[in-house]
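Engineer: What follows is each chain in one-letter form.
2 protein chains.
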Amino acid sequence: MSIYEKPFEKAEHAKRVADVRRRMRAAGFDLILCQDPANMCWLTGFNGWSFYVPQCVLVHVDEEWPLWFGRAQDAKCAQVTTDLPDRNIVPFSERLVQHKTEHPYDELVGLVQSRGWAKARIGVEMDAHYYTARCHAHLTKGLPNARFANNGDLVNWARLVKSPAELKLMREAGKICSAAMNRAIEKMRPGVPQNQVVAEIYHAQTVGVPGSGGDYAAICPLMPVGEGTSTPHLTWSDAPLPGNALTMLEIAGSRRGYHAPLTRTIHLGKPPPGIQDVAKAVVEGVDAGLAAARPGNTAEHVEAVWQAVLRRNGLKKESRVGYSVGLAYPPDWGERTVSLRPGDQTVLQAGMCFHIQAGVWLKEWGVAISESFAVTDSGGDRFCDVARELIVIA
Amino acid sequence: MSIYEKPFEKAEHAKRVADVRRRMRAAGFDLILCQDPANMCWLTGFNGWSFYVPQCVLVHVDEEWPLWFGRAQDAKCAQVTTDLPDRNIVPFSERLVQHKTEHPYDELVGLVQSRGWAKARIGVEMDAHYYTARCHAHLTKGLPNARFANNGDLVNWARLVKSPAELKLMREAGKICSAAMNRAIEKMRPGVPQNQVVAEIYHAQTVGVPGSGGDYAAICPLMPVGEGTSTPHLTWSDAPLPGNALTMLEIAGSRRGYHAPLTRTIHLGKPPPGIQDVAKAVVEGVDAGLAAARPGNTAEHVEAVWQAVLRRNGLKKESRVGYSVGLAYPPDWGERTVSLRPGDQTVLQAGMCFHIQAGVWLKEWGVAISESFAVTDSGGDRFCDVARELIVIA
Numbered sequence: 000m001s002i003y004e005k006p007f008e009k010a011e012h013a014k015r016v017a018d019v020r021r022r023m024r025a026a027g028f029d030l031i032l033c034q035d036p037a038n039m040c041w042l043t044g045f046n047g048w049s050f051y052v053p054q055c056v057l058v059h060v061d062e063e064w065p066l067w068f069g070r071a072q073d074a075k076c077a078q079v080t081t082d083l084p085d086r087n088i089v090p091f092s093e094r095l096v097q098h099k100t101e102h103p104y105d106e107l108v109g110l111v112q113s114r115g116w117a118k119a120r121i122g123v124e125m126d127a128h129y130y131t132a133r134c135h136a137h138l139t140k141g142l143p144n145a146r147f148a149n150n151g152d153l154v155n156w157a158r159l160v161k162s163p164a165e166l167k168l169m170r171e172a173g174k175i176c177s178a179a180m181n182r183a184i185e186k187m188r189p190g191v192p193q194n195q196v197v198a199e200i201y202h203a204q205t206v207g208v209p210g211s212g213g214d215y216a217a218i219c220p221l222m223p224v225g226e227g228t229s230t231p232h233l234t235w236s237d238a239p240l241p242g243n244a245l246t247m248l249e250i251a252g253s254r255r256g257y258h259a260p261l262t263r264t265i266h267l268g269k270p271p272p273g274i275q276d277v278a279k280a281v282v283e284g285v286d287a288g289l290a291a292a293r294p295g296n297t298a299e300h301v302e303a304v305w306q307a308v309l310r311r312n313g314l315k316k317e318s319r320v321g322y323s324v325g326l327a328y329p330p331d332w333g334e335r336t337v338s339l340r341p342g343d344q345t346v347l348q349a350g351m352c353f354h355i356q357a358g359v360w361l362k363e364w365g366v367a368i369s370e371s372f373a374v375t376d377s378g379g380d381r382f383c384d385v386a387r388e389l390i391v392i393a
Numbered sequence: 000m001s002i003y004e005k006p007f008e009k010a011e012h013a014k015r016v017a018d019v020r021r022r023m024r025a026a027g028f029d030l031i032l033c034q035d036p037a038n039m040c041w042l043t044g045f046n047g048w049s050f051y052v053p054q055c056v057l058v059h060v061d062e063e064w065p066l067w068f069g070r071a072q073d074a075k076c077a078q079v080t081t082d083l084p085d086r087n088i089v090p091f092s093e094r095l096v097q098h099k100t101e102h103p104y105d106e107l108v109g110l111v112q113s114r115g116w117a118k119a120r121i122g123v124e125m126d127a128h129y130y131t132a133r134c135h136a137h138l139t140k141g142l143p144n145a146r147f148a149n150n151g152d153l154v155n156w157a158r159l160v161k162s163p164a165e166l167k168l169m170r171e172a173g174k175i176c177s178a179a180m181n182r183a184i185e186k187m188r189p190g191v192p193q194n195q196v197v198a199e200i201y202h203a204q205t206v207g208v209p210g211s212g213g214d215y216a217a218i219c220p221l222m223p224v225g226e227g228t229s230t231p232h233l234t235w236s237d238a239p240l241p242g243n244a245l246t247m248l249e250i251a252g253s254r255r256g257y258h259a260p261l262t263r264t265i266h267l268g269k270p271p272p273g274i275q276d277v278a279k280a281v282v283e284g285v286d287a288g289l290a291a292a293r294p295g296n297t298a299e300h301v302e303a304v305w306q307a308v309l310r311r312n313g314l315k316k317e318s319r320v321g322y323s324v325g326l327a328y329p330p331d332w333g334e335r336t337v338s339l340r341p342g343d344q345t346v347l348q349a350g351m352c353f354h355i356q357a358g359v360w361l362k363e364w365g366v367a368i369s370e371s372f373a374v375t376d377s378g379g380d381r382f383c384d385v386a387r388e389l390i391v392i393a
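As they're listed, the protein sequences go chains A and B.
For what it's worth, numbering that gives the first Met the number 0 labels the leading residue of the first sequence as 0, then goes sequentially.
For what it's worth, numbering that gives the first Met the number 0 labels the leading residue of the second sequence as 0, then goes sequentially.
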C-alpha cells in the first residue's frame, strides 16, 4: 500500500501549470513564486502542515514543471505527494529555520540565480498569508537585478473554475459538512457545554462520510452564542449553552483540502417574534441568488438579486454576500478572488464555487443561513443538505 | 452570565505591557506593531479567529495601554476579550478587506499619523506569519518619515518566562494533552482507519478534562504511519492502520491558547529488534535534559546533556532538540525564540516552558518520545503524564 494516494492525475497538474504559464505570459511574468499553501498544492499536489516555515513553488514560463522549495525535512513530503521530478525538489538547510540574520530565502536566491533567472520579471504573492515582509526583503535584496511585482494572486484566479475531479471533492466536502452540522444540531441542548458540541463537530468533520474521510478545515468551528453572535470570530468556551439564546454555527467539511462551508442559525428556547419571517426571507434570498448563479451572469448580479428579495421583505442588506471557495489551508477557506458584492463584475462560469454567506441583522438578533454551491447551467447547485430554516431547539 | 471569561487579570496585562515598554526603551523603539496573534493576545487579551485579515496591536513607550487595530466586525471581539478602553479599539473599514489597490494598513497609517507618531522609531515583526510583504509595503510607503526596523520578536522574547497564572494554564493543557494521547493509543488498532483515530484526538482535545475545556491547537494532529514517519508533516488519510508498522503521534493540548505538545512512538505488531533499547536511551536522554533544565543553565547545555546520553548509547544526535512553547495560534505552537540547540546561550529561568522533542533516527526506523515542561529550581517539571516508552499494540 502506498503511503499517500494522490487526489489528482499527473495530467491534471500539467494542465493547471500550462494554464498558469499562459496567464504569466499575458501578465508579463517570467517567473512566479507561490507561497500560498493552496496554490502550492493546486500546482504540484504538495500537501503537508509545513507552511509555518518559508517555502514556495516556482513556476517559470519556459519550464514544463514547477520547482518545490522548502525545508529539508519536508522534501520527502514533496516526493510523496507530488509528481515532480527529484531535481525539481530543492530543500533548504535546516539551520536557517528561525535564524536571526540569515533566512531560508537566501538559499532561494541562490536557486533562482543558478537557473539563470536573476534578471527575470518575478511575480510574488504580496498578500499571501505566509509571505512575510522578511521573505520579501531577503528575496529582493538577494536579486537586485530582477524586476519584482505583485502577481495579483494569479494562481488563485486560475483556481476559480473547478475541474470535474475537483467538483467531486467539493461535493464530498458538502456531504461531510452536512453530517457535521446535523451532528452538532443533535448535540446542542440547553446545559450542554459549548466545547462538547464543538468536539462532536471536529469528530464528524474528521470521520467524514462512508467512502470520504474528512481533513482538517482551514477555520475552526465557529459557534457564537447569545450576545457573542454579534462578533463572528469569537471561539467557544466550556460554559453550558443557555436555555434561551440565539446561536450561529459556521463550519466547513474538508475533503482532500477542498472546502464546503455552511452556516445555520439555531435558537435555544422559544424564538423571539418575527425571527421566523426573517429566516424565510433569507432562504428566499439565497434561492434567488442560486437561481441567478448561472454562466454569463456577474458576481455582483447574484448579490443584487439577493438584495432585492430582502428589500421586498423590508430588510437591511449586507454588501458582501459571498466569496469563492475551493482548496484551502488555515487560516482561511476563502480563495481571495471573487466576491459576491457590488462592483465585482466577474462573469460566472460553470464550475466556479461560492459560499453565499447570507445573513441579516436586526437590532436585537440576526439570522444567517448560508449555502456552498457550484455554478451550473441551471443555476447554483448546493453541496450541502441541511434543513434550510431557523432551527429551534426547545 | 458574561459571554467571555477572561483568563487573566487586568493587572497581569498591565505588567506585561510595562515590561514590553522597558524592552522597547532598551532597544530604541518608540512604537512597535505586533501582528503575531499570540503577541496580540498576550498584550491585551484579544482572542478570536480573525488573524486571516490584517490586524495588529500597537504599543507606544509613552502610552499606558496598547491600541488594537482590526476589522470593524472584530472590534466587538476586542471589546469583549480585552480590558482596553473603547478609544483604544480602532476598526478599519470593511471595504478594505481583500481590496486590490487599497489596504487596511492605509488606515493604520492614518491612525499612527493622528497620534503624532509619523516620525517615530517603529519596530515591526518582519517574520511574523501574518505580517505580509504587502502590509509592510503599505505601512512604510504611508509613513515615509518614520524609521522602520525589525523589532526582533521583542514581544515573543518578553513571553518567555510564564507567570503563575500562565503556568496553571500550561499544566491544564498538559492534562488535556495526556487525555487525548491516551485516547488515541486506546483507539489505534490494525485495521482502524487513520482518520477515526484523529477524530478521537480532536474530540478529546476539545472536551478537555474536568474543569478545563480544550481549545483549538495551533497544529492539527500529526500521525505519520510506516514510511510516512520519515516525513513529519504529512497529515492523515482514511486508509486503515496496517498490521505491522511504526507510527508517531505528535499532538498538543491547548487551554485558553496555551499549548503543551507531546510525541509518542507506537508500534503496531511485533517491534523490530533493538527498537526498545533505543526507546530507553531516548527516555534516559530526556530525563538527563529535564534534570539539567534548571535556572542558570543554558539552553545549549540541555541539548548537550541529552546528546551525551545518546552518544553513550552509540546513537546519532539531532542538533535541535526543543523549543520554547506557550500561547500559540495556527500555524505553529513554537514561540520562535529559544531553541535547545548548540549555540543558543539563553540562560534558563524558572517559568520558561519548552517542548523537548527528543527523537533518534536509524536507517529503517526511529523513535521520538517528547515532553513539555516548565523550568523549576529542581529541573524540568513535566506537564503531561503518558507512558514513557515505545508503545506496542500487538
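Some clues are possibly wrong.
As the list makes no split between identical chains, a pair holds if one copy fits it or if it spans any two.
Unchecked claim - The list that follows gives simulated cross-link-like pairs (lysine-lysine, BS3-like), each with its CA atoms no further than 27 Å apart:
#1 K75 / K14
#2 K269 / K186
#3 K316 / K186
#4 K118 / K140
#5 K316 / K75
#6 K140 / K269
#7 K269 / K315
#8 K279 / K99
#9 K99 / K186
#10 K269 / K99
#11 K279 / K118
#12 K14 / K279
#13 K140 / K5
#14 K315 / K75
#15 K362 / K75
#16 K362 / K316
#17 K316 / K269
#18 K316 / K167
#19 K5 / K279
#20 K316 / K99
#21 K9 / K140
Derived from the structure by calculation, the hints contain no laboratory data.
In this text the structure is predicted, and so the values were computed from the model without any measurement.
Engineer: Could you figure out if K316 and K75 sit no more than 27 Å apart (CA to CA) within one copy, between two copies, both or neither?
Structural biologist: between (50 Å within a copy, 20 Å between copies)
Engineer: If the cutoff is 27 Å on CA atoms, where do K99 and K186 land: within, between, both or neither? Let me know, please.
Structural biologist: neither (48 Å within a copy, 42 Å between copies)
Engineer: Could you figure out if K279 and K118 sit no more than 27 Å apart (CA to CA) within one copy, between two copies, both or neither?
Structural biologist: Answer is neither; intra-copy 59 Å and inter-copy 54 Å both fail.
Engineer: As a check of your reading, is K316 near K269 (CA-CA no more than 27 Å) within one copy, between copies, both or neither?
Structural biologist: Within one copy only: 26 Å inside, 63 Å across.
Engineer: Treating 27 Å as the Cα threshold, decide for K269 and K186: within, between, both or neither.
Structural biologist: Within one copy only: 18 Å inside a chain, 40 Å across chains, cut-off 27 Å.
Engineer: Is the C-alpha distance from K14 to K279 at most 27 Å within one copy, between copies, in both cases, or in neither?
Structural biologist: neither (43 Å within a copy, 51 Å between copies)
Engineer: Give the relationship of K140 and K269 under a CA distance limit of 27 Å: within one copy only, between copies only, both, or neither.
Structural biologist: neither (63 Å within a copy, 54 Å between copies)
Engineer: With 27 Å as the alpha-carbon cut-off, assign the pair K316 and K99 to within, between, both or neither.
Structural biologist: between (49 Å within a copy, 23 Å between copies)
Engineer: One pair to classify: K9 and K140, alpha carbons no more than 27 Å apart. Within, between, both, or neither?
Structural biologist: Classified as neither: same-chain Cα gap 36 Å, cross-chain 43 Å, threshold 27 Å.
Engineer: At most 27 Å between CA atoms: does that hold for K316 and K186 within a copy, between copies, both, or neither?
Structural biologist: Classified as neither; 32 Å inside a copy, 48 Å across copies.
Engineer: Is it within, between, both or neither when you check K75 against K14 at 27 Å Cα-Cα?
Structural biologist: Intra 24 Å, inter 45 Å, cutoff 27 Å: intra-copy only.
Engineer: Between copies, within a copy, both or neither: which fits K362 and K75 at Cα up to 27 Å?
Structural biologist: Answer is between; shortest inter-copy Cα gap is 15 Å, intra-copy 54 Å.
The structure shown violates the earlier hints numbered 3, 6, 8, 9, 10, 11, 12, 13, 18, 19 and 21.
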